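As they're listed, the protein sequences go chains A and B.
FYI, the numbering for the first sequence is 26 to 456, going by my numbering.
FYI, the numbering for the second sequence is 26 to 456, going by my numbering.
Take the hints with a grain of salt, since some may be wrong.
[Stated by the list, open to error] As a list, the in silico EDC-like pairs of lysine to aspartate or glutamate whose alpha-carbon atoms are at most 20 angstroms apart:
(1) B:K169 to A:D54
(2) B:K362 to A:E297
(3) A:K169 to B:E407
(4) A:K169 to B:D266
(5) A:K362 to A:D208
(6) B:K296 to A:D248
(7) A:K296 to B:E198
(8) A:K362 to B:E198
(9) B:K296 to B:E315
(10) A:K362 to B:D266
(11) A:K169 to A:E137
(12) B:K296 to A:E297
Simulated from the structure, these hints should not be mistaken for lab results.
Treat the numbers as computed from the prediction; the structure is a model and nothing was measured.
Residue strings, one per chain:
Protein chains: 2
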Amino acid sequence: MDRVIRIGMLGCGTVGGGVATILAREADDITARTGAKLEITRVAVRDLARDRGLDLPASVFTSDPLEVVDGEDIDVVVEVMGGRAPASDLLRRALAQGKPVVTANKELVAHEGPELYDAARSAGVDLAYEAAVAGAIPIIKPMKESLAGDRVSRVVGILNGTTNYILTRMSEEGADYAEVLADAQALGYAEADPTADVGGHDAAAKCAILASLAFDTAVHADDVFTQGIETVNATDIRVADRLGYVIKLLGIASEVDGRVGVRVHPTFLPKEHPLASVRGSFNAIYVEAEAAGELMFYGRGAGAEPTGSAVVGDIIDVARNLLQTARGAAESQHRPKDLRSIDELRTQYYVLLDVEDQAGVLAEVARAFGDNGVSIAQVWQEGTRSSAQLVLITHRAREAALRATVDSLAAVDSIRSVASVLRVEAEVFSS
Amino acid sequence: MDRVIRIGMLGCGTVGGGVATILAREADDITARTGAKLEITRVAVRDLARDRGLDLPASVFTSDPLEVVDGEDIDVVVEVMGGRAPASDLLRRALAQGKPVVTANKELVAHEGPELYDAARSAGVDLAYEAAVAGAIPIIKPMKESLAGDRVSRVVGILNGTTNYILTRMSEEGADYAEVLADAQALGYAEADPTADVGGHDAAAKCAILASLAFDTAVHADDVFTQGIETVNATDIRVADRLGYVIKLLGIASEVDGRVGVRVHPTFLPKEHPLASVRGSFNAIYVEAEAAGELMFYGRGAGAEPTGSAVVGDIIDVARNLLQTARGAAESQHRPKDLRSIDELRTQYYVLLDVEDQAGVLAEVARAFGDNGVSIAQVWQEGTRSSAQLVLITHRAREAALRATVDSLAAVDSIRSVASVLRVEAEVFSS
């Protein structure tokens, strides 16, 4: 067991620190399990002066990432710098030189994953990105390997811890969105600019990665219909609860007749669904496969050590392959597939209207739905005289018809505003 | 892509049928993902005359399992016959001849897994057994590979679908054990002789396998403290519900200071715990690891296609390795570790007593607890005059002290019987 696998790391922030900590703490077991010592030989960072509190000699640090990518003494490149540039060029350069790559870079993989994967395939080396989706949760590897003989039809995920934390507190405390967001920011669970999280963009990136893998195609982050949680209010949460639902920000990817639909939006989810009990900042991914049936994978989606654990698992995989001059399980060739537009979606909807409290408003509302062919399953009035609200739950309808209905409603005088429109996944997930 | 990997199957019952069905249905994708065609070349069965309704030529069937094990035209041996003999000898013989083995045999792996694994290691071939625990759920591979750089401290599983189905219905319908069991038998969810399931033995076997893997040691099925659900009654369920718990049959394995404890018993589990919402015949495994934190894996624990899916995933893994003359991730060497006795457990307990409704009984009960150093957290009376019951929840106490308390209680005249004793896992799992 004299063999050493030399790791070059790009970046050394939160996740990089977690990787270094785990590699040092579990060194003996990792050596036993890998059949080689894993050693961090070089780390490229922007700020050489910063003390990272890690047990790494100063001599491994460099400010030149090419010393990692081009270094002849580097066996594996581990990218934990994040962002598309310069990570994209650096990883392509590493792959082209026959260096296997482990990355935790969600943004990069969501936009360029299939292309990067093709580059790895051409070079005959491994590209592993378990940490790019849902932190510590093993999901890339189970989908690629354990389900290699199965056919995935749907992937539904709670992919963003910040929004799940906010929605959980809103739901359990009846609190307002703005209040919980401010609290989450104070506690460090949400960023000062929370847009990437609350706008659903972070979840959309992860959902694109999962859809690409599940359906052997190239889904990019920009292909994902994305709606955030910024407008979810306490009434929405209360109505959902009363009807037996919780509101969750879900990423939903499915393939129907060879066409792939990918969407992220707040959703009425039945309380009995396994994803409904995923609370706080946890993530979970629910998978439907033809033979395996329903599966769910649950755990921490972020954090230095949880994400570091996934990176280290990938490094060990890649190292084992290097030692045997083998390669890990390949992804299927990415085949071009049509994407389904959100307009084609057929599901139930929840609509909340701020209305004038007057006779006739219900008739006008009903006409707007009827004119657009959207059938109402339930309707009732909420609120006080001075701020009356109408709550409507529709039968299954096309998204395009629902959107036309909302346009009609906006033109009705006695409706002050369309306060909320949310999709309801009742018995089964819609396509 | 002309290469063919030739599969020899031992047994062709429910799981074997699932394997054959999936291999045929997904043949094209499997070939693309594996880089070789997977072909069932020979199947050893007891009854050659039986029509299995599978798309396999009659010529592949044989009644001689040695034609599979010794066959020079067999690349991978897939064992789906179940039971310890003759599977044990057959698999050892296959491994000794350098044939990789995929097995779904829980009983065999639970009793001889570490020894079989050592045989595979000596022969330099793969031994894969994903399907032996929790059917379709990827858990062996994530623990062995994704968590290879992490340190697992605890594994808690709902590992038996039959008992979880029974407990779910008792809990949701307030039904009696006997009634639900009879129903489950009529529906085919429980066997005519349900002992292996309701007695906890099936769960204990799976828990032994998980403990061996999690803690790099050899835990055998017989090492597992095992208590079944046969005596769980409607009062237990109702009390648990009122106190914020559900009763689940849990397999709990943990390592503390290098000593391993493994136990299976019905448990009061807080409703907020992710395992509490695992309903019906589903299985789930909750893992605590130092870096990754809490993880949970959920899915179908049985059935032809779910279990078949796991077997096929393993076959593809093994086939990929064969094509590269590589081996899959090895398990760590199994190190001998001390086992903790159940007597050392410190947890809370729920005790249900059938008592005479008379003054003084509470004092006698309190004395029995006090004499044995077990402190009572809550106590109240249930039932009617003619059939009064005392419910007690203890503070954390040693199992040995609780057992002594129960012995003392049995000697009290005004106590008709100790109806139930169940362990309560309140905030955290106990060790």
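Hints versus structure:
1. Restraint check for B:K169 and A:D54: the C-alpha separation of about 12 angstroms stays at or below 20 angstroms, so the hint holds.
2. Proximity of B:K362 to A:E297 is assessed by CA-CA distance (about 41 angstroms); at most 20 angstroms being required, the pair is judged violated.
3. The hinted pair formed by A:K169 and B:E407 fails the criterion: a straight-line CA distance of about 54 angstroms is larger than 20 angstroms.
4. Our distance criterion of 20 angstroms between C-alpha atoms is broken by A:K169 and B:D266, whose separation comes to about 40 angstroms.
5. Using a Cα cut-off of 20 angstroms, the hinted pair A:K362 and A:D208 is violated, with the two alpha carbons roughly 43 angstroms apart.
6. Straight-line distance between C-alpha atoms of B:K296 and A:D248 comes to about 38 angstroms, which puts the hinted pair past the 20 angstroms bound.
7. Between A:K296 and B:E198, the direct Cα distance comes to roughly 17 angstroms. Compliance with the 20 angstroms bound is thereby established for this hinted pair.
8. A hinted pair counts as satisfied when its Cα atoms are at most 20 angstroms apart, and A:K362 with B:E198 does not qualify at roughly 46 angstroms.
9. For the hint pairing B:K296 with B:E315, the CA-to-CA distance comes to about 24 angstroms; that exceeds 20 angstroms, so the pair is violated.
10. Between the alpha carbons of A:K362 and B:D266 the distance comes to roughly 49 angstroms, so the proposed pair goes past 20 angstroms and is violated.
11. Pair hint A:K169 plus A:E137 holds up; C-alpha atoms about 18 angstroms apart against a cutoff of 20 angstroms.
12. The straight-line distance between the Cα atoms of B:K296 and A:E297 is roughly 13 angstroms, inside the 20 angstroms bound, and the hint therefore holds.
The structure fails to meet hints 2, 3, 4, 5, 6, 8, 9 and 10 from the earlier list, while all remaining hints are met.
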